[in-house]
Amino acid sequence: MTEISQPLEKATTPKARRKPIKWSVVGDHTVLILGAILMVLPVFMVFATSSHDKIEIARNGMQFGFGDQLAVNYGKAMFEKGGFTDTVDGSLMLMNSLILGFGFAIGKIIISMMAAYAIVYFRLRFATLAFWVIFTTLLLPLEVRILPSYEAIQRLGMANTYSGLIIPLIASATGTFFFRQFFRSVPEELVEAARIDGAGPVKFFIDILVPLSRTMIAAIFIIMFVFGWNQYLWPTMITTEESMFTLVRGIKQITQGVIDSNDIPEFGQALALSIIAIIPPVLIVLFFQNWFVKGLTESDK
Amino acid sequence: MKRAGFTTIWLPVALLLPQLMIIAIFFYWPAGWAVQSSFYLQDPFGFGSTFVGLENYTDLGSNSEYLRIAWFTVIYTCLVTFFSLAIALLLAVKADKVIRSARTYRTLLMWVYAIAPPVAGFMGIMFFDQRTGPITDAFQVFGWDYKLGVNYTDTATAMVIAAVWKQIPVNFIFFLSGLQSIPRSVNEAAIIDNRSSTSRFWQVTFPLLAPTTFFLLIINITYALFDTFGIIDTLLKGEPGNNPMTLVYKVYLDGFRGNDLGGSSAQSVILMVLVLILTVFQFRLIERRIHYT
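Going line by line, the protein sequences match chains A and B.
Residue 21 in this note's numbering is what sits at position 21 of the first sequence, and the numbering runs on without skipping anything.
Residue 575 in this note's numbering is what sits at position 274 of the second sequence, and the numbering runs on without skipping anything.
By construction, these hints were calculated from the structure, which means they are not laboratory data.
One should not assume that every hint holds.
Below, in silico cross-link-like pairs of lysine-lysine (DSS-like), each with a Cα-Cα straight-line distance of 27 Å or less [said to hold, decoys possible]:
1) B:K538 <-> A:K81
2) A:K76 <-> B:K538
3) A:K81 <-> A:K54
All chains should be modelled from the sequences, with the hints used to inform the complete structure.
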């Protein structure tokens, strides 16, 4: 109640020397702090617990405080070979994840920028047709057509390859749609001016349009990197060789380990690996927060 | 298309070609193939297939297990959508109100977006596990003998909680940006007219947020249907047994584990139709949204 009248009071009454506590503001902060705890505490506990010995975790459960096994667990998670063939370790999975994240984000941006440029800036008879052919793909997520996509990859002999991992994920129109919207908002005069100055379509694209789209490219890069990094179903199906596993795919393996082992499972190592899988995308989102929020709220409209 | 577009022919064709080729090979071919094989019964040993018409579909309609999974998917989707939207809306409204440390709250509330669903699922296992799970201990205090992976309802509870937790950030970001785009003058006028902040919220702010909410509704339904696959697969630990699962998981299970290609394809086609309906809704909403602003 008090906070409603607050802006009005401010205008009419002279400032009180000591502000009284506004209980509704305290309430707002309480709700927000509880929300922040809800989001942060589980991950913090995973991190804290990942520094404990497996026997201790099995006995005492998830921990709030840190133990002394941090280096041991993370060393094991990164460099201890595991899996059926004893060939895969955390560092290899980390590299695969980076290849998938970067490959997907960069590939998607290049291909969708090119397509959007062609659709928006050229007088093509079949531009509308191309538009619809591309945008129908927005309708069906990969999860729906997973089995036939897998068959297609098998027939093309692309299973267990990076291109087989990345390219089918690019076959959706989100990026193209995003760049199309942006290109359409670029003032018409720019093209006219460029043409008067004698710039051809290639020069216009590289010298004017790409520099203009920098922020947009950054925003979509962040979203696509996180999307690619976090892919699970497709990598699970397409990579049967353990040397191709990504970190997120590796989670399935460690969960299996936690369940199947008759001995005390390697809790610490498994938790450490999940933290390693969390860190890169979280860092990118945190560092480029403003671009990320802008990209997310504007691309999906 | 821009009015002052270029008129070259070969260049745009070359620019469009990569995208069109990828889409043709990895989208239209598989999608068409799914529709086709949904009308066939595959020999389990890979020796050809027989045309069976709509049999795969009618089989699903009379399969009590499939109907049970469909029913669970509906309830699961409703719960995940409702709770993640409600919690995110509450947090966004508060984050929009406070002045001090607003940015810190925003950061703390949105970063979980970057966590992969299967990681959230694995965290779910650790928190709901009988040996290590603090939440299981908490349930036990209230006399709930919680058993993840054994009891149907218990597993479903963990699925819903993990899925809601993972989805709050996206909804929060959209609600907050929706709230921030409401003009200041509207809020000030509302303050003069109506002194109760609760009724102000429901009568002024919430209707203005309606386009965002509708949009998020579709996003969340899609999320619950498809993107939670990683959470469900991890929580089920590869042993579906008597546990709940969603329709997408069933497609995967029948297609890969069960080798029932026809049945799995028919399920895929059903999901495709479902997504189509959702998308048509979404497009109509986008049109409304443009008129709105």
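Tested hints:
1. Note on B:K538 and A:K81: the hinted pairing holds, with a Cα-Cα distance of about 22 Å set against a maximum of 27 Å.
2. Using a Cα cut-off of 27 Å, the hinted pair A:K76 and B:K538 holds, with the two alpha carbons roughly 23 Å apart.
3. The straight-line distance between the Cα atoms of A:K81 and A:K54 is roughly 18 Å, inside the 27 Å bound, and the hint therefore holds.
Every hint, counting from the list given before, is met by this structure.
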